[in-house]
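Student: Okay, here's what each chain looks like letter by letter:
Protein chains: 2
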Amino acid sequence: MEETKIVTDGRHLRSLQTRLKLLEAAKEVFREEGFHKATISQIIKRAKTGYGTAYVHFTGKDDLLIVLMEDVMTAFYSIAEQPFTPASRAEAEQLILQQTTAFLRMAESERKMLRVFGEAIGVSVSAQQKWAEIRERFINRIAQDIAYSQQHGLARTGLMPELVARGWFYSHEMYLWEIVRSDHQAPLDEIAKTLAAIYTGGLYS
Amino acid sequence: MEETKIVTDGRHLRSLQTRLKLLEAAKEVFREEGFHKATISQIIKRAKTGYGTAYVHFTGKDDLLIVLMEDVMTAFYSIAEQPFTPASRAEAEQLILQQTTAFLRMAESERKMLRVFGEAIGVSVSAQQKWAEIRERFINRIAQDIAYSQQHGLARTGLMPELVARGWFYSHEMYLWEIVRSDHQAPLDEIAKTLAAIYTGGLYS
DNA sequence: CAGAAAAGTTGACATAGTGTCAATATTTAG
DNA sequence: CTAAATATTGACACTATGTCAACTTTTCTG
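In the order they appear, the protein sequences are chains A and X.
Positions 0 to 204 (numbering that gives the first Met the number 0) are the ones given, in order, by the first sequence.
Positions 0 to 204 (numbering that gives the first Met the number 0) are the ones given, in order, by the second sequence.
Please keep in mind that the hints were generated in silico from the structure rather than gathered at the bench.
All residues carry an ideal CB built from backbone N, CA and C; glycine is no exception.
A portion of the hints provided could be inaccurate.
Unchecked claim - Here are the computed distance ranges between Cβ atoms for each label pair:
{"id": "1", "chain 1": "A", "residue 1": "89", "chain 2": "X", "residue 2": "58", "range": "51 to 61 angstroms"}
{"id": "2", "chain 1": "X", "residue 1": "156", "chain 2": "A", "residue 2": "89", "range": "19 to 29 angstroms"}
{"id": "3", "chain 1": "A", "residue 1": "73", "chain 2": "X", "residue 2": "14", "range": "18 to 28 angstroms"}
{"id": "4", "chain 1": "A", "residue 1": "143", "chain 2": "X", "residue 2": "187", "range": "23 to 33 angstroms"}
{"id": "5", "chain 1": "X", "residue 1": "49", "chain 2": "A", "residue 2": "14", "range": "24 to 34 angstroms"}
{"id": "6", "chain 1": "X", "residue 1": "54", "chain 2": "A", "residue 2": "132", "range": "52 to 62 angstroms"}
{"id": "7", "chain 1": "X", "residue 1": "87", "chain 2": "A", "residue 2": "122", "range": "44 to 54 angstroms"}
{"id": "8", "chain 1": "A", "residue 1": "128", "chain 2": "X", "residue 2": "14", "range": "43 to 53 angstroms"}
{"id": "9", "chain 1": "X", "residue 1": "81", "chain 2": "A", "residue 2": "143", "range": "15 to 25 angstroms"}
{"id": "10", "chain 1": "X", "residue 1": "73", "chain 2": "A", "residue 2": "14", "range": "40 to 50 angstroms"}
{"id": "11", "chain 1": "A", "residue 1": "132", "chain 2": "X", "residue 2": "11", "range": "47 to 57 angstroms"}
Unchecked claim - Below, a sample of chain A positions facing chain X; criterion: calculated Cβ distance under 10 angstroms:
{"id": "12", "residue": "31"}
{"id": "13", "residue": "65"}
{"id": "14", "residue": "114"}
{"id": "15", "residue": "117"}
{"id": "16", "residue": "121"}
{"id": "17", "residue": "149"}
{"id": "18", "residue": "171"}
{"id": "19", "residue": "185"}
{"id": "20", "residue": "201"}
What the hints assert, rightly or not - DMTMM-like cross-link-like pairs, simulated, lysine to aspartate or glutamate; straight-line CA separation at most 25 angstroms:
{"id": "21", "chain 1": "A", "residue 1": "111", "chain 2": "A", "residue 2": "92"}
{"id": "22", "chain 1": "A", "residue 1": "36", "chain 2": "X", "residue 2": "62"}
{"id": "23", "chain 1": "A", "residue 1": "36", "chain 2": "X", "residue 2": "32"}
Produce the entire structure from the sequences given, and follow the hints as far as they go.
Tutor: Below, the structure written as structure tokens:
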């Protein structure tokens, strides 16, 4: 049974301070340099700690980044967990457009850290796992929404909700990275409109 | 004006031999170790050349891999360049399912090298660029196909072909990486069916 | 065909970063 | 005040990269 105890212990307090200094420094260095170019030496220098200290508090660069990602993750989760109980097809379409838009806007508002994270996903196994967590949570939730629509006679049956949800998330995820890198040509709303339209109505209907 | 000259020159011949030995060795090492774990030392050892030699022929590990990707790329291009001139909506749907299936099967048949390439994309800028080339070529071609369908009254208008094509490719690309990593749960044909169904008919039609 | 020039090959070296650990400093407890 | 517990530190060993001056092989030329 794990328990979060409030520690007034001065030693733990100092340790906690150091940990926070390191996290703060890491955030700055990551934003300025990106994941690959950022080094432990840069981080400890800015945090004003010794080299080894970083390895006492974190297992390495990945670990440092993953802790920093928690904030961004909660924002993601709040989008995924939006209630979805439409009574009509029109309402369903509206909700989906809303969710799509919120998802893409996130890319814009959290651009800096997501850029670093996107870079890390390619390199670090633990960053990859963390992202997979976010992704699976999203996909599960969307799959639930699809099942709901199918059960209420709003959406066509005969397609597996989990597979549709995965396809949905994948196209959104890639557009997210595009926006994070500022590679996108079209305005954000146009992208959201297109994604939602294809997902709900398809190209040939 | 560039020209491919046939060289009978013994020096160039030796050089070419070395280059090929390096490429062959690199292919083997990459497949066995993956991109990150593979080292130049391993490669030159297997190619039986000196360390510096690798850097005479290639600018680094990325460059070596990119040359090896050419084969895989041509296979991809042949799928993208399949003719698409359907006369009816049914024919269009059939062609799309075919293309989707071919794309996903590629992931299976070229799994080994694609796995390495997928790893490299996260690390190496040049691998990233090479993949972007493949992607853009695909997207352009699909956008053309969509425009064709729109112009012939088969597909709905009011959506930008380029944006739809991008969404299409993105969901396919991610499923491709999933298959490459053998992470996929559903059988390949089920995935293809779902992707094609959503793309053509949407979820709510 | 000798020997100079050109082209190709090589491994030792400088550089850069990681992660570890024995020594050191600080805090708490008796 | 001293010993034990905890936290911090930087020097060190290690791994890999990319460069370059020296060396080898091939071609050219008188």
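Student: Could you run down the list of hints and mark each one as holding or not?
Tutor: Verification of the hints:
A C-beta distance of roughly 56 angstroms is found between residue 89/A and residue 58/X, which places it inside the suggested range of 51 to 61 angstroms. In this structure the hint that residue 156/X and residue 89/A lie 19 to 29 angstroms apart at CB holds, the actual value being about 21 angstroms. Checked against the hint of 18 to 28 angstroms, the pair residue 73/A and residue 14/X fails, with Cβ atoms roughly 57 angstroms apart. About 25 angstroms separates the C-beta atoms of residue 143/A and residue 187/X, a value consistent with the hinted range of 23 to 33 angstroms.
For residue 49/X paired with residue 14/A, a C-beta distance near 50 angstroms fails the hint of 24 to 34 angstroms. For residue 54/X paired with residue 132/A, a C-beta distance near 40 angstroms fails the hint of 52 to 62 angstroms. Distance hint for residue 87/X and residue 122/A: a CB-CB separation of about 48 angstroms, consistent with the stated range 44 to 54 angstroms. The beta-carbon spacing between residue 128/A and residue 14/X, approximately 44 angstroms, falls within the hinted interval of 43 to 53 angstroms.
Checked against the hint of 15 to 25 angstroms, the pair residue 81/X and residue 143/A fails, with Cβ atoms roughly 37 angstroms apart. Separation of residue 73/X from residue 14/A is about 57 angstroms and departs from the stated range, judged on CB atoms against 40 to 50 angstroms. Between residue 132/A and residue 11/X, the C-beta spacing of about 53 angstroms keeps the proposed range 47 to 57 angstroms intact. Annotation: residue 31/A was flagged as interfacial toward chain X, and the flag is violated, the nearest CB pair being 18 angstroms apart, outside 10 angstroms.
Nearest Cβ of chain X to the Cβ of residue 65/A: about 16 angstroms, over the 10 angstroms cut. The hint is violated. Because the closest C-beta pair between residue 114/A and chain X is about 13 angstroms apart, greater than 10 angstroms, the hint is violated. Taking 10 angstroms as the C-beta cut-off, the interface hint given for residue 117/A holds, the closest approach to chain X being about 9 angstroms. Evaluation of the residue 121/A hint against chain X yields a held restraint, the C-beta minimum of about 1 angstroms falling below 10 angstroms.
Restraint check, residue 149/A versus chain X: the minimum CB separation of about 9 angstroms is within 10 angstroms; hint holds. Interface hint status for residue 171/A: upheld, as the beta-carbon distance to the closest one in chain X is roughly 8 angstroms, under 10 angstroms. Given hint, residue 185/A at the interface with chain X, holds; its Cβ is 6 angstroms from that chain's nearest Cβ, closer than 10 angstroms. The beta carbon of residue 201/A comes within 3 angstroms of a beta carbon in chain X, closer than 10 angstroms, and the hint placing it at the interface holds.
Distance check on the hinted pair: residue 111/A and residue 92/A sit about 31 angstroms apart at the alpha-carbon level, beyond 25 angstroms; violated. Restraint check: the Cα-Cα separation between residue 36/A and residue 62/X comes to about 20 angstroms, which is no more than 25 angstroms; the hinted pair holds. For the hint linking residue 36/A to residue 32/X, the alpha-carbon distance of about 24 angstroms falls within 25 angstroms, and the restraint holds.
Of the numbered hints listed earlier, those contradicted by the structure are 3, 5, 6, 9, 10, 12, 13, 14 and 21.
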